[in-house]
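Asker: Here is what each chain is made of, one letter per residue.
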Amino acid sequence: MDWSRLCFATAIGAVTALACDSPAERFKSDSMTRGGDAGTPGNTAGGNVATDGGVGHAVLVPDPKGCDAPRIPLRIRRLSPTQYDRTVRTVVPGVTGSPSSGFVNSLTQTGRFSGAANTLSLGASHVDQLLEVSSQLADLLAKSPGYVAPCMESAPRVDECLQTFFAELLLRAFRRPADEQIAGLRRFYDESAVSFGSEDALRLSVQRVLVSPDFLFRTELGDEPAGANVVPLGHYELASAVSYLISDGPPDAPLLAAAQTGKLSQQRELALHTERLLRARATGAGVENLFRETYGYSKIRGVTKDRVAFPQFTGELADAMARESEEFVAHVLWQDDGRLPTVLGAPYTVLNTLAATVYGKSAPRAGFFPVQLAKQRAGLLNHPSLMAQLATSAESSIVQRGLYMARQVLCREVPKAPPGVANAFVTINDTRPITQRQRLEQHRAEPLCGSCHDGFDPFGVALENLDGIGRFRSKLGDLPVDTAVALPELQATVANPAELATTLAASPEATECFARRLHEYTFGGESFTQPCQLDALSDVLLVNDGTVGDGVLNLVQSNTFRFRVNGKVPR
Amino acid sequence: MRQVGVASGAGLLGAIAAQLSVRAAAPSATDRCLVVNVHGNAWWPRLLRPVNMSSATEWTFAQTLDPLSAYSAQSSLLEGFYNPHGVGLHGNYGATLCVQPAPERTANEGIGGITIDRAIALGLGADVPFKSINFGHSYGGRHVPAVSNVSADGANQPYPAMSDPAAIIDQLFALTGPTAGPNAAQRLAKKRRLLDVMTDDISRMQGRLAGEERAIMDQYLNSVVELEQQLDRLRQVQCAALEYTGPTPGYSDEINPHQSKFYYDAAQAALACGLTRVVTIAHEGVGDEPLQPRYPFEPVSVPESLHDGVQHEMNGLKNDSDEGWADAASFASKVSSVYRWRSQQVAEFLDGLQTLDMGGVTVGARTLMMWLNTGGGRHHQGHEEIPLMFIGNPDGRLNTGRYEKLETNTVCVSDAFLTLAHAMQVPLETFGDPAHSVGPLAGALA
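Protein chains in written order, with the working numbering: chain B, 1 to 571; chain F, 1001 to 1446.
Keep in mind that the hints were calculated from the coordinates and are not lab data.
A portion of the hints provided could be inaccurate.
[Stated by the list, open to error] Listed next, the stretches of chain B that the computed footprint assigns to chain F, with coverage defined by at least 3 CB atoms under 8 Å from CB atoms of chain F: (1) 68-77; (2) 126-134; (3) 196-210.
[Unchecked claim] Some residues of chain B that are not near chain F, with every Cβ distance over 12 Å (derived): (4) 109; (5) 154; (6) 184; (7) 272; (8) 275; (9) 326; (10) 337; (11) 354; (12) 356; (13) 357; (14) 473; (15) 528; (16) 530; (17) 545.
Note that beta-carbon positions come from the ideal geometry of N, C-alpha and C, so glycine has one too.
Given the sequences, and given the hints that come with them, work out the whole structure.
Answerer: So, in structure tokens, the structure goes:
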């Protein structure tokens, strides 16, 4: 089911009924959308705070342990390219491909997560590309303005219809009613029509909306009461915050409706919508993206391999590897138990015909299907998408795999290699046939090297059964591959990739690490992480056998999510 | 030749023209132009080394550079620079022109600081529409950032290349001059109108923000103002007609030589009409670069990409050794032919500049080209022996006609860039990583 289209079909219907009466007035009388969030300043440990003043006013959840005090400052967050594309589709009909591809090369992501990229650069070349993309989108909408306001098909120049069009355009683009901007946009249209004609004026007006900061950014500014140190997010801000987190796209019709009535600030209502979005893949793209960006498996699409060493590694195979991981995570989230340990340690994967070739298997039929794994493999962390990335062009890499497990999966701090250490590694003089494991053992014998490598090489050693593109092997030339290794910090000894995966899947350290990533993903920055909140989140995910969705719900209901504080934005 | 004047138009356009506070200056005989020509990781120093060399200044170009013989006296061929931050399998293209570590978690992603082309452009481009213009290939309809994006204004501020010839014509050349379409004036006016109201919208948001959040809007606003100025200057230049007749790029698996030729043509046109004074061209690529078509010459027929089909095969022979591969005569022959073809393209480009007038002298006389390889000598991990060529000497600041092979890992490519900056009379004191930037190359400046 194409959820976004369904939702917007609903939205169009709902808006049509309202809009044709008096679109400009539609939200004006709704006290909850204009300053209604402000509430009455009260007094809490966090300072002056907006408290419960009736329907539509957020209430701080009691926080005796002090783990959940609001601490994220007022801020704006730039839509990620994916979020831009999804948001555009709610405004412009007939969008094919990825509009953001027109500007993504002038954009650099500075953090781990694209949705947290609030420091994306807006240089002149990028703005120029944004303008170009918005021009193409405006052309599309100008051809079918009825997509936004049906009256535009029959009466495009009637004042009332234009008014409806602009009100609805702003609502969709800004994910909130923007009554205060309708008059200005209309004036711009009228003036442009004099100079360029009404059709071009319409295009320019659409383009203006699509390059507005209200479109490109989502705000977390709250409806701030004077003097308050702690402010609740506005209703529509909450709708966007929940939606972009879980769906990686704009709020759907039910969320907008809940925002309009002011109910979304009630914790129970917020939870209901969160649970609704977490129920299906169609509305859960953000959760899938959390995994994609946490573990990085989709980046295999940009990897090349030595054609001599791996002649079968093509762009198509790389894509199939990425799809395997994406479909596998989706399968666990939406069709299996939805739990992190299953993602990390499941005894199956999801393959299509091409991806199956890496496993020496044949997929049962067209498309991606769950396939039971051989006993030496388990879970996402053994996937070819990762193994092929964590390798050199021509061979596997114990070091890269070890570093990945330590840093990405366990959130351990591993210092960068000191200058010149790589050269020391390659000058080891040994003419015997030797495995990579043996070479690294020599390397680690140097105290300078061993002090770091001892901490992460063992993870890579356990994965040596998987070659540079993730195929299973038991020998390296004539030498046997020895993957048995002790992991003292995890109090385990593992004998193959599957045992490493299941050990990590059951490890509190990996769960805590994922909890940290979930927290960062949700709040858009490591600096907002609170240790005791992470502990609670880890308990949800591991001790209480909770799903990833339970973890998301836990965070969405928190004060940290629903409130902001006045103050400097940490970077 | 560029003509200066207010473009035709009436009404709103005239009103805008009257408000112009930014004027493009006519190109003059004292202007300096820079072309930074960047090839992917495929420029083995060994194949470039001069022959018949009796001293650093007495030599002749090798066969690979032979088409440039007419420029040998104005050239400097330097070999053996290192880039401490050019780590990564195929060389970090992003680090090549900035000599800074990549800002991203993975070592070969992103550009870590301002690149030399942009740094020099800031010094040269005060009165032209574009401080610099970048062209670069795109593969399969998408950019490979590590290839196309070799320029930046700072860390996380990429200055991307334009790739599609149709878009280059439309956005750079179709708005003014003889190639301007009938709606060009209106297009400019509409864009100007849009930029005007964008400032209102951004300012409105700005008013709700403070601190670093406000700085984001400040940057947005500054960019809009810069585009306004660019537009105003653009309206005053008239560039020669430009067309692209090759196959449509970006929609097949091929990077076609026509596209490279078009970038050179576009660079000529842009420099001649004063659209910019700095052009950067990034050729070829890495990554899952699709198959390279057969090169347009005989007898070489490179069946696949230079990167995959030739370099990997060569590496397969001798495990990535600069010394080993050259023993394989057939591969060396193929690569030499490709290099020679590239040299031919550069020679034709430079010859073309010699025919274009710029305030009484030729554009060629006022242009310096820096031609370099991004990956260094070897295919993999070759960041300690980068070769580089200067061609041209607009103000006589360079000691030309020189070949020098530097001792490995002794001179950072930063210092070659500093030399370039000084030659362009943009006297930077340091560039890139200050720990590796000593100063202009000894003996390079006159």
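Asker: Please go over all the hints and tell whether each is borne out by the structure.
Answerer: Results of checking the hints against the structure:
With 3 residues having a Cβ less than 8 Å from any Cβ of chain F, the segment 68-77 of chain B passes the three-residue criterion, so the hint holds. Counting residues of the segment 126-134 of chain B whose beta carbon lies closer than 8 Å to any beta carbon of chain F gives 6, which meets the minimum of three for the stated coverage. Note: the segment 196-210 of chain B has 5 residues with beta-carbon separation from chain F under 8 Å; the three-residue rule is met and the coverage holds. Some Cβ of chain F comes within 12 Å of the Cβ of residue 109 (chain B); the nearest lies about 8 Å off, and the non-interface call is violated.
Against chain F, the non-interface label of residue 154 (chain B) holds: every CB pair exceeds 12 Å, the least being about 27 Å. At roughly 8 Å, the least C-beta separation between residue 184 (chain B) and chain F is not larger than 12 Å, which violates its mark as non-interface. Separation of residue 272 (chain B) from chain F is adequate, the least Cβ-Cβ distance of about 30 Å exceeding the 12 Å criterion. For residue 275 (chain B), the requirement that its beta carbon stay farther than 12 Å from each beta carbon of chain F is met, with the minimum near 32 Å.
Interface exclusion of residue 326 (chain B) from chain F stands, the closest Cβ pair being 18 Å apart, more than 12 Å. The beta carbon of residue 337 (chain B) sits about 31 Å from the closest Cβ of chain F, which is more than 12 Å, so the claim that it is off the interface holds. Distance check for residue 354 (chain B) against chain F: the nearest CB is about 15 Å away, which clears 12 Å, and the non-interface claim stands. The Cβ of residue 356 (chain B) sits about 21 Å from the closest Cβ of chain F, beyond the 12 Å cut-off, so the non-interface label holds.
Remark: the non-interface label on residue 357 (chain B) is consistent with the geometry, its nearest Cβ contact in chain F lying 18 Å away (cut-off 12 Å). Non-interface status of residue 473 (chain B) relative to chain F is upheld: no Cβ of that chain comes within 12 Å, the nearest being about 20 Å off. With a closest Cβ-Cβ approach of about 15 Å to chain F, residue 528 (chain B) is found to remain outside the 12 Å limit, as its non-interface label requires. Distance check on residue 530 (chain B): its Cβ is at least 21 Å (rounded) from any Cβ of chain F, clearing the 12 Å threshold; non-interface status holds.
Chain F leaves residue 545 (chain B) outside its interface by the beta-carbon criterion, the shortest separation being 32 Å against a cut-off of 12 Å.
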